[in-house]
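A.B. asks: Protein chains in written order, with our numbering: chain A, 5 to 496; chain B, 1266 to 1800; chain C, 232 to 396.
Simulated from the structure, these hints should not be mistaken for laboratory data.
From a predicted model like this one, the values you see are computed outputs, not experimental measurements.
One or more of the hints may lead you astray.
What the hints assert, rightly or not - With the Cβ distance kept under 10 Å, some of the chain B side facing chain C (calculated, not the full set): (1) 1395; (2) 1521; (3) 1583.
What the hints assert, rightly or not - Simulated restraints, written as ranges between beta carbons of each label pair: (4) 324(C) / 44(A): 25 to 35 Å; (5) 1432(B) / 239(C): 45 to 55 Å; (6) 50(A) / 363(C): 24 to 34 Å; (7) 456(A) / 261(C): 14 to 24 Å; (8) 1314(B) / 392(C): 31 to 41 Å; (9) 368(A) / 264(C): 28 to 38 Å; (10) 347(C) / 367(A): 25 to 35 Å; (11) 325(A) / 324(C): 52 to 62 Å; (12) 392(C) / 45(A): 28 to 38 Å; (13) 288(A) / 276(C): 44 to 54 Å.
As the list claims (entries may be wrong) - Calculated Cβ distances over 10 Å to all of chain A for the following chain C residues: (14) 286; (15) 297; (16) 349; (17) 359; (18) 360; (19) 373.
Glycine residues also receive a C-beta, built at the ideal position from the N, C-alpha and C atoms.
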Amino acid sequence: MIRPIRRLLIANRGEIACRIIETARKLGIATVAVQHRLDHKAPHAILADEVMEIEGETPVGAYLDSSQLVRAAIQKGCDAIHPGYGFLSENASFALAVREAGLIFVGPGAETIRLMGDKITARDFAVRHDVPVSPSVMADGDLSRFATDASRIGFPLLIKAAAGGGGKGMSIVRSLDDLIERAALAAGEAGRYFGDNRIYAERYVERPRHIEVQIVGDGKGNVIHLGDRECSIQRRFQKIIEEAPSVNLPDNLRAAMIDSALRLASAACYENVGTVEFIVAPDGAYYFLEMNTRLQVEHRVTEMVCGLDIVAIQLAIASGDGLPDQGSIQFKGSAIECRICAENPDRDFMPETGRVLGIVHPRQPWSIFDSGLSEGQVIGTNFDPMLAKLVTHGASRAEAVERMTQAIRCTTILGVVTNLDYLGRIIEHPGFLAGDLHTGFLVEHAPSLAPHALGAQELIDILIAAAMSNPGLQRLIDDVPEPYALAGGWRN
Amino acid sequence: MRRIASKLSTSDPDFRLNDVHYRKVVAELKARQFAARSERPQRDLDRLQQQGKMLPRERVEMLLDPGTPFLELSTLAANMDYDGESPGASAITGIGIVAGREVAIHADDSSVKGGAWYPLTIKKIVRLLDIAIENRLPVVHLCDSAGGFLQQQSDLFADRHMAGRIFRNQCQLSKMGVHQLALVFGHCTAGGAYVPALSDYSVIVRGIGAVFLGGPPLVKAATGEEVGFEELGGADMHTSVSGTCDYAADTEEEAIAIGREIVAQWRRQPRWNCQRDSIEAPYYDPQELYGVIPHNSKAIFDMREVIARMVDGSRFHEYQPDYGTALVCGYANLWGWKVGIVANNGVLFSDSSLKAAHFIELCNQNETPLVFLQNITGYMVGRDYERKGITKDGAKMIMAQSCSRVPKFTVMCNASFGAGNYGMCGRAFDARMLFGWPTYQIATMGGDQAVNTLLEVKMRQMRRNGEPLDKEILARIRDETRGAYEHQLSAYFATSRIWDDGLLDPVDTRNALGMAITASMNAPLGEPGYGVFRL
Amino acid sequence: MPTVMHMDGQEHQLEIVARRPELVLRVDGALHIVRPITRGFQLNLIEVDGRQVRFHAASEGAVVHVRCDGRSHRVAIHDPRDARGMVRAAGDEIVAEMPGTLVAIVKAQGEEVVAGDVVVTIESMKLLMNLSAPRAGRIARIAVELNQTFDKGAILVMLEPAVET
Chain A
5 MIRPIRRLLI
15 ANRGEIACRI
25 IETARKLGIA
35 TVAVQHRLDH
45 KAPHAILADE
55 VMEIEGETPV
65 GAYLDSSQLV
75 RAAIQKGCDA
85 IHPGYGFLSE
95 NASFALAVRE
105 AGLIFVGPGA
115 ETIRLMGDKI
125 TARDFAVRHD
135 VPVSPSVMAD
145 GDLSRFATDA
155 SRIGFPLLIK
165 AAAGGGGKGM
175 SIVRSLDDLI
185 ERAALAAGEA
195 GRYFGDNRIY
205 AERYVERPRH
215 IEVQIVGDGK
225 GNVIHLGDRE
235 CSIQRRFQKI
245 IEEAPSVNLP
255 DNLRAAMIDS
265 ALRLASAACY
275 ENVGTVEFIV
285 APDGAYYFLE
295 MNTRLQVEHR
305 VTEMVCGLDI
315 VAIQLAIASG
325 DGLPDQGSIQ
335 FKGSAIECRI
345 CAENPDRDFM
355 PETGRVLGIV
365 HPRQPWSIFD
375 SGLSEGQVIG
385 TNFDPMLAKL
395 VTHGASRAEA
405 VERMTQAIRC
415 TTILGVVTNL
425 DYLGRIIEHP
435 GFLAGDLHTG
445 FLVEHAPSLA
455 PHALGAQELI
465 DILIAAAMSN
475 PGLQRLIDDV
485 PEPYALAGGW
495 RN
Chain B
1266 MRRIASKLST
1276 SDPDFRLNDV
1286 HYRKVVAELK
1296 ARQFAARSER
1306 PQRDLDRLQQ
1316 QGKMLPRERV
1326 EMLLDPGTPF
1336 LELSTLAANM
1346 DYDGESPGAS
1356 AITGIGIVAG
1366 REVAIHADDS
1376 SVKGGAWYPL
1386 TIKKIVRLLD
1396 IAIENRLPVV
1406 HLCDSAGGFL
1416 QQQSDLFADR
1426 HMAGRIFRNQ
1436 CQLSKMGVHQ
1446 LALVFGHCTA
1456 GGAYVPALSD
1466 YSVIVRGIGA
1476 VFLGGPPLVK
1486 AATGEEVGFE
1496 ELGGADMHTS
1506 VSGTCDYAAD
1516 TEEEAIAIGR
1526 EIVAQWRRQP
1536 RWNCQRDSIE
1546 APYYDPQELY
1556 GVIPHNSKAI
1566 FDMREVIARM
1576 VDGSRFHEYQ
1586 PDYGTALVCG
1596 YANLWGWKVG
1606 IVANNGVLFS
1616 DSSLKAAHFI
1626 ELCNQNETPL
1636 VFLQNITGYM
1646 VGRDYERKGI
1656 TKDGAKMIMA
1666 QSCSRVPKFT
1676 VMCNASFGAG
1686 NYGMCGRAFD
1696 ARMLFGWPTY
1706 QIATMGGDQA
1716 VNTLLEVKMR
1726 QMRRNGEPLD
1736 KEILARIRDE
1746 TRGAYEHQLS
1756 AYFATSRIWD
1766 DGLLDPVDTR
1776 NALGMAITAS
1786 MNAPLGEPGY
1796 GVFRL
Chain C
232 MPTVMHMDGQ
242 EHQLEIVARR
252 PELVLRVDGA
262 LHIVRPITRG
272 FQLNLIEVDG
282 RQVRFHAASE
292 GAVVHVRCDG
302 RSHRVAIHDP
312 RDARGMVRAA
322 GDEIVAEMPG
332 TLVAIVKAQG
342 EEVVAGDVVV
352 TIESMKLLMN
362 LSAPRAGRIA
372 RIAVELNQTF
382 DKGAILVMLE
392 PAVET
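Construct the complete structure from the given sequences, taking the supplied hints into account.
C.D. replies: Pasting the structure below:
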């Protein structure tokens, strides 16, 4: 059944809201943005055809208030809600509430979200469908038995929250001594963040790579894939650089992983776009990690290599259209994405705040700059520190990397400390160029990724550049009229 | 205008001799200036440090825009008075650039006897305010003075140009719409309290600044009331209760910063439309002036050689080059400003006096400021000259010069004797600025004439009294008389009494005049008009 | 009296030595000839001792953000001659300068503010007045309830203590 989408509410903010509006506009779909007053005049609200003010005790609370968002959609006459990523995008009750209100939820069914949202059920599902998972053990409340069982798998172990994501509640344990203590901490953290203190331990793969497969399903068991992505460059278990395709990945391994992903999605009768994440060990073994039932931050790299608009695919499927033909999908070249975050890599990635005073970004056809930033915007700690994404494409990985180097040089966000320079140093690092990636890359290379000390001449140039940009000093220079300006500091 | 062709050779032995001699003269000048500016008894420096105060010169430097010129005036005032106890007459005055605007600056020198005002301090401040009035320059007062120096009160209080004149001038400035700002860094007691009170704006520093008519000791003596400095006239009281001061600052630095922001609000004054070209450095190096000025002060020298080392591109349009040649007149540019120069190349005769009067009138017609370069021993005397009317021709020159409406500037280059001083715009003739070179001499007549005249008088007196007169006694009296006279003749004596606005290293003359001329453009030209010329 | 600059925890000194015919700056004791070539947000171009330096910069208060040669820098500039640089260390509170009534709370407890952000609105003498944050930080507490009256000197808003950075 075709249910065309004419008016779409975007239950999100920032760059992803802008990104969705961009496609909706191309498809002739009217857009309604929601904004908290702290987002006043944010680009997503300006770009959208209409804006709905949402309220909440905290700004994040407003974007998490599902009934308010559904009300807003109905009030504005929308026929669909796109959740973006984060916030309510993987919230089964929200998906259900949207559908119960008679609206289209741009994403999979609530059941699928629930299935994949729980790490334990997701793992079990994967095991049932011959998708490899790493050996693991679940904690059932008795932490000492958990420790005994877990140590049987062999160290090192990775402790994770069952309901978790984004690295919260995760820790690596290398000895029995640490295990109980860390498990208790992890359970506590999981409880605080996710309201669910269940944890489990799995074999920790040393020097693992994080590789994921983008799949698309029609909800009837038909699935296709849009290739794989490498997301091994992470800090604090969070991705900051992603690329497509994965680097130096043997063809048979890629084929096996894609096959696993398709099998899993098909078995779940997956609808809409999703991502199956794997951990790849240095020996070529791979394990199912989790499935994300939403649009990914890094979807841009896939779009660039296969020339498709993933948001358009989402909207098409949501309105009842079929899948693209797998055979027609061609993969061309290589793409890289860098996440620009308001954080200080030199100070343990501490979040930074400030007012955005200026934004400059590259405008070459091979680059994309996705941001929800505007000049004058205040960056607080209310929202995710990711400010923007920079994506480049090249005929080869080397070209994409070279273009990313250029793109970073052409990009400037003034007023807030960002990780932009750090991203530049990673991109130019020989280990990165060689494709020798694993999720511990940033820790392993921390010394060589630290900024080099400024040379004397560089220092002078920067100080003078700063002085010449300071209005007070500039006035001090300019305000002295002829002929006094010519006399310099003469004294008699 | 054509470039002056110098006739001097820098390799000429005389030039070398002059150069060596004058460099010593300048070294002495600089040493004296350094002492007046910086040498203070340790206890005074310690006291300032104890009070957490900046040195007055540090305040001035911080007030000024960095990398801009400051023309300090009368640095050596009082250097031969009060047994040298009041270096620089205990005040710093000058013209500088603050927030891009030229201002006159008066700073009390609290490193000398708590900044107490000596008679010459008052003369120096009054002179600065006169300059401010004549040139319409806003004034910044940096106040930190213990008040009038009581031991000298009879010489600083009652007369027309004494302490009251400071406040009278402040009022006149205000009436003319010229801004004043006072930054109060110390106590402003009694009369001194009116400096901030009569300023348009005032900033006072908490803890160290205070303004009151009578300080706590005087209040106690007068009424028995016991009150502390802060309560009686401190920063917070005056800025929040009495309204006597406008802004309170926590530190001297903050006071200066606020002051600079205040000055930045003042409208830039339009200059009168004097002709100005782009600035060009002199073709001949001003350093060569050292070789131009003869080591023998009685030797004549060609003022064109001086002009060539002072004006833009060393270019000079000489007026009447073949008439009255003892006086050089002509046009030149200085810091781009068109000026008319009147310079002595010898004693003044009738023809040179008439030439001067005519040229001065031309400059007035042409709205061209005048620069007088003095090296004058006087108007020519003698029967033939009187018969030709030297006195009435000199009177014409004085009349033309005196009634000029264009700004006048005078440099005492060497001799300034007798009526020549008048004709060439001496101190009494209201030059906007009058500078001297360290070797200049000034008196009613030259040294030899004066000593002989004085000796003549003395001998007549002694003969009348029947005192013995032999060669030895005569020689002794001659030496005493000469010593006393030459002491009074010297530039250091003159500048001590503020008969000029300061001594200049000749090399600095160009910039000093440049600043003085630029500053003078703030005041509108007066109406043209002269008295009766004796024809 | 040089201008003091801070970058990466180091102090540097800068003085204007001359303006014409060329701008001469003394940085940490050494002289440099500076020629501004183009100014604008997109790209600034200056010449330092004949070397071309391209950079982006934006200034906010005493801080200049500079991006030059692929690196971002934060330079704090304190000119002792500039009163804006002399602003006293901003306090942790907004204090009522006159009695009045709190009529609006613009920034709630826990919210981030930057210096100058309006936090509350008060009514006093029939006038509505916006009171702004004295510095950047997070609102610790709004000390007066809505529509409650207060006296002169009352603390209306408290910011969380500043963290030394």
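A.B. asks: Each of the hints needs a verdict: does it hold here or not?
C.D. replies: Going down the list of hints, with the structure as the test:
For residue 1395(B), the shortest C-beta to C-beta distance to chain C is roughly 29 Å, which exceeds 10 Å, and the interface hint is violated. For residue 1521(B), the interface hint holds, the least distance from its beta-carbon to any beta-carbon of chain C being 7 Å, beneath 10 Å. Taking 10 Å as the C-beta cut-off, the interface hint given for residue 1583(B) is violated, the closest approach to chain C being about 30 Å. At roughly 26 Å, the beta carbons of residue 324(C) and residue 44(A) sit within the given window of 25 to 35 Å.
Between residue 1432(B) and residue 239(C) the C-beta distance comes to about 53 Å, which sits within the given range of 45 to 55 Å. Distance hint check: the CB atoms of residue 50(A) and residue 363(C) are about 25 Å apart, consistent with the given range 24 to 34 Å. Checked against the given bound of 14 to 24 Å, the beta carbons of residue 456(A) and residue 261(C), roughly 22 Å apart, stay inside it. Between residue 1314(B) and residue 392(C) the CB atoms are about 35 Å apart, so this pair conforms to the stated range of 31 to 41 Å.
Judged by the Cβ atoms, the range 28 to 38 Å given for residue 368(A) and residue 264(C) holds: they are separated by roughly 35 Å. For residue 347(C) and residue 367(A), the hinted distance range of 25 to 35 Å is satisfied, since their beta carbons lie about 33 Å from each other. For the hinted restraint 52 to 62 Å between residue 325(A) and residue 324(C), the CB-CB distance of approximately 59 Å keeps it satisfied. At roughly 31 Å, the beta-carbon separation of residue 392(C) and residue 45(A) lies within the given 28 to 38 Å, and the hint holds.
Evaluation of the 44 to 54 Å hint for residue 288(A) and residue 276(C) yields a pass: the beta carbon distance comes to about 52 Å. Its beta-carbon lying about 5 Å from the closest one in chain A, residue 286(C) breaks the requirement of being farther than 10 Å from that chain. Non-interface call for residue 297(C) relative to chain A: violated, since the shortest CB-CB distance, roughly 5 Å, does not exceed 10 Å. With 10 Å as the threshold on Cβ separation, the claim that residue 349(C) sits away from chain A holds: the shortest Cβ distance comes to roughly 12 Å.
Every beta carbon of chain A lies more than 10 Å from that of residue 359(C), the smallest distance being close to 19 Å; the non-interface claim holds. Listed as a non-interface residue, residue 360(C) keeps its Cβ farther than 10 Å from every Cβ of chain A; the least gap is roughly 21 Å. Under the 10 Å C-beta cut-off, the non-interface status given to residue 373(C) relative to chain A holds; the minimum distance is some 14 Å.
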